[in-house]
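Residue numbers (our numbering), protein chains in the order written: chain A, 919 to 1216; chain B, 919 to 1216; chain C, 193 to 504; chain D, 1359 to 1621; chain E, 1359 to 1621.
Where hints are given, some of them may not hold.
Here are a few chain E residues that sit away from chain D, every Cβ distance over 10 Å (derived from the structure) [unchecked claim]:
no., residue
1, W1380
2, A1382
3, L1439
4, P1479
5, R1519
6, A1528
7, W1606
8, V1608
9, H1610
Computed from the model, here is a short list of chain C residues facing chain D with C-beta under 10 Å [claimed, not checked]:
no., residue
10, I251
11, N340
12, A348
13, D394
14, F440
15, M447
Hint data in this document are derived by calculation from the structure and do not stem from the laboratory. From the three backbone atoms N, C-alpha and C, an ideal C-beta is built for every residue, glycine too.
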Amino acid sequence: MPVTSSSFAVSPAGAATAPAPPPPALRLEQVSKRFRSSDAPGPASAPPVLAPLDLTISPGEFVAVLGPSGCGKSTLLRLLSGLAEPSAGTITIDGHPPGQGDDLAYVFQDATLLPWLRVDANVETLLRLRRVPAAERARRREAALALVGLADRARAYPRQLSGGQKMRVSLARALATEPRVLLLDEPFGALDEMTRDRLGEELLAIHARQRWTALFVTHSVAEAVFLATRILVLAPRPGRIAHDLRVELPYPRTHDTRRSADYLRLVAEVSARLRAVDPESGTGVPPAASSSAPSPAP
Amino acid sequence: MPVTSSSFAVSPAGAATAPAPPPPALRLEQVSKRFRSSDAPGPASAPPVLAPLDLTISPGEFVAVLGPSGCGKSTLLRLLSGLAEPSAGTITIDGHPPGQGDDLAYVFQDATLLPWLRVDANVETLLRLRRVPAAERARRREAALALVGLADRARAYPRQLSGGQKMRVSLARALATEPRVLLLDEPFGALDEMTRDRLGEELLAIHARQRWTALFVTHSVAEAVFLATRILVLAPRPGRIAHDLRVELPYPRTHDTRRSADYLRLVAEVSARLRAVDPESGTGVPPAASSSAPSPAP
Amino acid sequence: GKKDAAREGASDGLTKITVQLDWFPEPEHGGFYQALARGWFREAGLDVTLVPGGQQGLIVNQVIATGRAQIGQGESVTTLLDTHKGFPLLQVAAVFQNDPSVFLLHADNPVRDFPDLDGRRIMARPGWVFLDFLKQKYAIDFTVIPFNFSVSNFIADPTFIQQGFYIAEPYIITQGGAPAPRFLKAWDAGYDSYGVLIANRDWAEKNPAALRAFLAAYIRGWDDYLHGDPTEAHELMKRDNPKNSDGFLAFSRQMIIDEKLVVGRDATDSSRIGRLDPARFATQIKILEDLKLTPPGALQVEKVMSTAFLPE
Amino acid sequence: MNARLLRWLLPLALFALLLAGWQALHHSLAPSRRFLLPSLSQLAEAFRIHGPALLVAARHTALAALAGFALAAAVAALASLLLASSNLVRATLYPYLMGLQMVPIIIIAPILILWVGPGAPSVILVTFLITFFPLVVNTTQGLLSVDRAHLDLFRMGRAARWQELLLLRAPAALPYFFTGLRIAAILAPIGALTADYLVGSSSGGRLGLGMSALLFSARNEIPALYATALVGCVLGFALVAAVSGISWLVLHRWHDSYPLSDK
Amino acid sequence: MNARLLRWLLPLALFALLLAGWQALHHSLAPSRRFLLPSLSQLAEAFRIHGPALLVAARHTALAALAGFALAAAVAALASLLLASSNLVRATLYPYLMGLQMVPIIIIAPILILWVGPGAPSVILVTFLITFFPLVVNTTQGLLSVDRAHLDLFRMGRAARWQELLLLRAPAALPYFFTGLRIAAILAPIGALTADYLVGSSSGGRLGLGMSALLFSARNEIPALYATALVGCVLGFALVAAVSGISWLVLHRWHDSYPLSDK
Ligand SMILES: Nc1ncnc2c1ncn2[C@@H]1O[C@H](COP(=O)(O)OP(=O)(O)OP(=O)(O)O)[C@@H](O)[C@H]1O
Ligand SMILES: Nc1ncnc2c1ncn2[C@@H]1O[C@H](COP(=O)(O)OP(=O)(O)OP(=O)(O)O)[C@@H](O)[C@H]1O
Ligand SMILES: [Mg+2]
Ligand SMILES: [Mg+2]
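Given only the sequences and the hints, what does the whole structure look like? Please build it.
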C-alpha cells in the first residue's frame, strides 16, 4: 500500500533504475509519526499522521512533494531535518541520523525571519551559525538577495516587508548556505506566477551547479513537473506515498519547456493522480451539505 | 496613467457600464500611501508604495487583484479595512470612512489565529466581537468549519495545525461573519489545487447567496478569472492599477467553466498582461547576472 | 582650631581605639566627645575614633565581639545575655548609673504605674529584657509593637505608650507640639540596669594600660562635660550628627545633669562617675535567672564585669 | 549517566556541597565570629527548640503573605488593564503607581501604625505594596506587547476597546502576568516578614516571623534568626511552586515557553 | 479638545488635583496630627532648609543606587543566560537564586555590617540584592519564551547551544530584560535608601538619604522626612526615564510594543 510503483513518463522511480546506485542522500525506513494528543495526557491516542513509509532519495535528486493540505508534507520535512523525531522507523541523511553531521537547509512554510534583524542580517543568519567569514558572508548575501530580487530592501526590517518579500528573504537565507540537502516547504506559495517562474528557473540553474538534493513541497503541479526529477504524491490520513513518479523531461528546462507537449501532458496526468488520491480531501463536506452552510445574516 | 481602461472580454470596467449605477460599495479617490522610512526620523522620504489611485467598486462585485510581489496589494486591502490610513486621498466603504460603521471582514495574508484559543473558538472570535448569540455562533462555526473541511480539528490548538489548515481556519473565521464587504489576501495560497478549487466553488456559491462585495488578492490567474467579475492588475513601484478588466463568464461557474475555451483564453490573456506590467519585477537581476549568484561551496 | 589640627595630625605611636556608639552622637556620649575635644585621649597616648550608631547601635555587642570596635556603649542586662551567648565581652565602666530607658506616657494617660500596663499596647524593642521582667513581676501582659526610633505615633496618639530615652525624647515631643510626657522609669520597677561601656575581653586582657588610660580620660571627660564648658564637644557632636540643634544638646545635657544619671542619683559629688557595683550585677544576673533566660550559675559577676580598669 | 537521574542528582549534589561549604566556612571563622554563621547542628538545635513557635509564627506570616499577594494580584490585574486601556490613562497614572512603589516602607511605618493600626492590616498592606509593582509592570508590559497582527484582527473586527482589552490583550499578557506572579510569590512571604518586623504586633503573645526575628536578633540568638529566615524561604518556595503549577495549567497547551512535545 | 494637548493637560490636572487633595487632607486632620501630613508650604520650607544637605545625601545614594543597579543588570544578564542554557542548570541553580531574593534584608543587615562593614559597600550589596531578582526572573522568562519557529530555525541551522543563546534567545529576550530593568530602576534608588537606613554609615557626618531619613524620623522632622522620600522618588523617576529611553532606542525599530507608525 505505501508506494504505488507506477510507470510514468519514462520510468517508475525505485532502486531498480540505475545499476549500483550511489549511497542514498536520504533514506526512510518504516518511518511513522503520530502526535501525542494534547487533551489526553496518556500515550499517543491520536491517529497517526504518517503511516510507516519507506523512501530512498539519491544525491542530486530534485524531488517534488504534492499532496492535500494536512496530509503530512511539512511533518515529513520536519522529520528529515531532525526537528521532529519519528514515532517509529529510522531516517538517515547523507549517512547520518537527522540533525547530526548533515549539511542541510530548510525553507519553512512560514518565513520565520528574526524581527530584530534587518533583511541583510536575516539572510546571513545561517552563515553566521556556520561561522562563514564576513567577506564570504557578504558576497553570498548580496548574491542571494539579488537572486530573490530584494537587493533594494536589504536595510528593511521584516515587519516592513510584504508577505511575498518575507518568503523570498527566507529562501535567500537558505540558498546562501549552499547546502547538500535542501528542504523547501512551499517556498513560492506567496509569490505571483511570474516571480515564481523566474525563481523556479533560477533554482534549477543553481541546482545544476551545486547539485544539492532537494525535497520541494508545492501545491502547484506545474511547478513540480517543471522543477523535479521525481514527484511524490502523498495521500492523507495517514500520510503515505501514493505515487512515486520520475519526471524525465530533458535539461536544461527553460521557458520553452513549459510549452512543450510532454510537459503539459505530464502536468495533466499528475494533476489527475493528485485529485484521485483522496476524493474527500480538501473540504470535509459534499457540496449539497455545505450549501446549507453560512446562511444569510439575520 | 493610473487606469488602463481596456476593452476585454465583453466590456471594460468603469462607471460607464451601467446606467445610474448603485452607490458604490468601495470608493477610492486619489488615494496614495507612503511609509515613513524607519531610518530617517523626519517626514516620509521613502518612495510611495501606492501612487494616487482612483477606484470604484459596486456592491456585489467580486474583484480579483493580481500583481507582482510587493506591489502594494496588501497595502491596498489594509487601507480599505481602515487598518492603515492613506497618505492622501479619501476612501469610502458602504458610504462610510473605513473602519466606521462598515460591515467588513478581512482574511489576512497570514492566518493570525489566536494561539490560546482552540480552532472552534478562533472561528468564533469575530462573532463574539459582534456579540452574536451563542447558539447562532455555534451554528455558524459548525457550518464554516465544515465548509473548510476542518470539522474534525475543531478542538486542536493552532500550533497543532498544518500551514494550510491554519489558513482555512482563518477563512472560516471571516466567512462566519457573513459580511457585506470581504477582503481576502491570498486565502488559498497555502492550499493544494484541489482544495483550492473546491473552496473557490464554495466561495462562489456563498457569494451567490450573500452577495457581499469581495476584493480577492491572488497569485493564480486561473483562480482570478474563475472567481471574479472584475480583475485589477496592479503594477509595482509605485503600486497603481495597470489594468481594470471585466470578466463576463456566465454564472453559475462550475467545474466545467474551467474547461471552457473562453475561460482558457481569458486566463492566457490576463497572464500575458500581468507579465507585461513590470518586466523587471519578481527578480531584481537579469539571468546573466544572477548566474554568478550563489557560487559552489568552497 | 589649633587643637583640632593637632588631633588630626600625627597618629604615630598612639594606640588606636575604635568606639562603637549606640546611637547618633548626642549628649549621652558627652564623656567621649569632651575628652576628644579637650585632647585628653591623645594626651593619654590614644588615637580614638568614635563610630556613630544608627542601626549599628543595635548591634554594639556584635561589633565589639567581632573586633570591629574595641569599646562600645550599651546596656548592662542585655550585655549579660550576650556574654552568656559566648561573646567575649567585659563591662568595664558605667556610662549611666541607671539606664535612662523609660516608658513615655502622655500626662493624662490613665496608666499610673506598671501594673496598669496590663492589656495595653506598648511600642518597644521586642527582646528588651525589661518587658519580660515586668510581665513576670506584676503578672501582667501587654502587646508589643516594634520600636521604630520615632515619636510620631506618640505625638499623634494621646493613648500611645512607648519606650524612649528620657534624656532625649521629651525634647522632641515638646518640639512636636505635644505636652511634656510622663515617664515610667525602669528602675522604679526594680530593674537595676546600667548604661555601660563594654570592652572586647580579649583586647582588654592584652591592652590593660590602654583601656585604663582610656577610661581615665573618659571619666575626666564626663566630669568636665557636665561641669565645664560643653561647647567644643557639642561642636563635634554637630559635625558627626548635623541634626543636633543647640537647643536639643542643651536640653539633653541638662537632663543628664538634673537626673544625676552619670554621677549617680544619690551621689553628692562626681566621684562615682564610671563606677560599677558588683552587687548590682549579681542582682541583674538574678533577674535573668528568674526569667529563665540564663541557667543558674551560668553567669558569674567576676567574669562579666571588671572594675580593675577604672582609675583608683 | 541517564539525564533523568542527573536532573535529580545534580541539584542534590550541589545542595550537599553547599551544606558542606557552609559547615566548612563556619569552622574556618575565628571563634569570636563563628556566631555569624551558625553550624548546621546549631541550626538543627534552633529548629528543635523554636520549631513549634516558628510554625505558629509562620502560619501568621503565611496568612498575611497570602492575603497581600492575592490583593496585589487582583489589584495589579485591574490596574494593568486600566493602564493598558489608553495612552492617556497610562501617561496620567503610571507615575503615581511608580511613586507608590517608591514609598520607603521603613519611613512610612509610623503612619501605617497610626492610620491602619499595627499587626495584620498593616502587614498585609505592606506586603501588598512590596509585591504590587512587579506585577503591574509585567502585566502592563504584556498587555502592551500584544502581537501587531492580532491587534489588526481585532481592529478589523471593529472590536470595542474593552473587547480588545479582555479578549485579546488579557490572554496575550498571561505569560507576562505569570512572570510577575512568580516574582510576587517570592517577594510576598519575605515582604510579610519584613512588614511584621516593622509594623507587626505581638498581640496575645502570637508573634509573626518578623517579630520573632526581632526578638531573636535582640537576644542574639543567631541560629534561631537563621532558622526564622529559612522558614520564610520555605514559604516563598511553596508559593512559587503553587504559582508555577497554575502557570503550567493555564499556559502549557499553547504558549511557546512550554514546548509541544514533538519527539 | 486636541488629543495632544489632553495628553499634557490631564496629567497636569491630576497632579494639581492631588496636590490640592493633599493640602485639604492636611487641613482636615486634627491639629495634633497635622504634622503627619505636612502642608505643601511646610514641605517647601523643608526643601529650603535641608535642600543642600539632601543634595549631598542624594548624590551618595544615587551613586550607590547606580552601582547596585548596574551590578544587578550585569549579573542578572549573565545569570539568566546561564539559567536558560540548560534545564539541568536551571533546575540546579534557580532555587538558590530565589533563596537569595528571599533573604530578608532586614535580618541580614546586622550580619552585613559585621562582615562587609557599614557604608557604601554594604549599601551597594543590598541594592544589588533588591534589584537583582526581578531582572533575573524577567530575563530568564524572556530567554525561555522564544518563538518556537525561530528555535526550529536555529536547530535546523545546527546552531551550537551558545549560538542559540546569544544570537537568538538573547535578542528575543530584550523586551523582557527591559521590563525587568524598568522594575529594577524603580527599586534601585529606594532600595539604596533603605539599605543606607539599614547598613549605611554616618561617619564623618556624610549621610546618605537613608541615614538622613532615620535621623529626621528620630527627630520627628516629618516635613524633612517627606522631602527625603521625595528626593528618592525623583532619583527613581530619573533612572526609569533613562531605562525607557534606552529601551526605545533598542526596541522601537522592531518590537510590537512600539507600533510601526502606519497612519
Ligand atoms: N510598514 C512598512 N514600512 C515600509 N515599507 C513597507 C511597510 N509595509 C509594506 N511596505 C512595502 O510596501 C510595499 C507593498 O507591500 P504590500 O504588503 O502591500 O505588498 P503585496 O503586494 O501585498 O506583496 P505580496 O504579494 O508579496 O504580499 C512592499 O515593497 C513593502 O516592502
Ligand atoms: N504538533 C501537532 N500536534 C498534533 N497534530 C499535529 C501537530 N502538527 C501537525 N499536526 C497534524 O498533522 C497533520 C499533518 O500536518 P503537516 O503540517 O505535515 O501537513 P502539511 O501536509 O504540511 O499540510 P499543509 O499543506 O496544509 O501545510 C495535520 O493534520 C496536522 O493537523
Ligand atoms: Mg505544511
Ligand atoms: Mg501581500
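To see whether the hints hold, each was checked on the structure:
Distance check on E:W1380: its Cβ is at least 12 Å (rounded) from any Cβ of chain D, clearing the 10 Å threshold; non-interface status holds. Listed as a non-interface residue, E:A1382 keeps its Cβ farther than 10 Å from every Cβ of chain D; the least gap is roughly 16 Å. Interface exclusion of E:L1439 from chain D stands, the closest Cβ pair being 16 Å apart, more than 10 Å. No beta-carbon of chain D is positioned within 10 Å of the beta-carbon of E:P1479; the least distance is around 17 Å.
In this structure E:R1519 is separated from chain D by more than 10 Å, as the shortest Cβ-Cβ distance comes to about 15 Å. For E:A1528, the shortest C-beta to C-beta distance to chain D comes to about 16 Å, beyond the 10 Å cut-off, and the non-interface label holds. The claim that E:W1606 is not at the interface with chain D holds, since no C-beta of that chain comes within 10 Å of its own (minimum 13 Å). Distance check on E:V1608: its Cβ is at least 14 Å (rounded) from any Cβ of chain D, clearing the 10 Å threshold; non-interface status holds.
The beta carbon of E:H1610 sits about 13 Å from the closest Cβ of chain D, which is more than 10 Å, so the claim that it is off the interface holds. The closest approach between the C-beta of C:I251 and any C-beta of chain D is roughly 8 Å, which is under the 10 Å cut-off, so the hint is satisfied. About 5 Å separates the beta-carbon of C:N340 from the nearest beta-carbon of chain D, less than 10 Å, and the hint is met. Evaluation of the C:A348 hint against chain D yields a held restraint, the C-beta minimum of about 5 Å falling below 10 Å.
Given the 10 Å rule on beta carbons, the hint for C:D394 holds: about 7 Å separates it from the nearest Cβ of chain D. For C:F440, the shortest C-beta to C-beta distance to chain D is roughly 20 Å, which exceeds 10 Å, and the interface hint is violated. Look at C:M447: its Cβ only gets to about 24 Å from chain D, farther than 10 Å, so that hint breaks.
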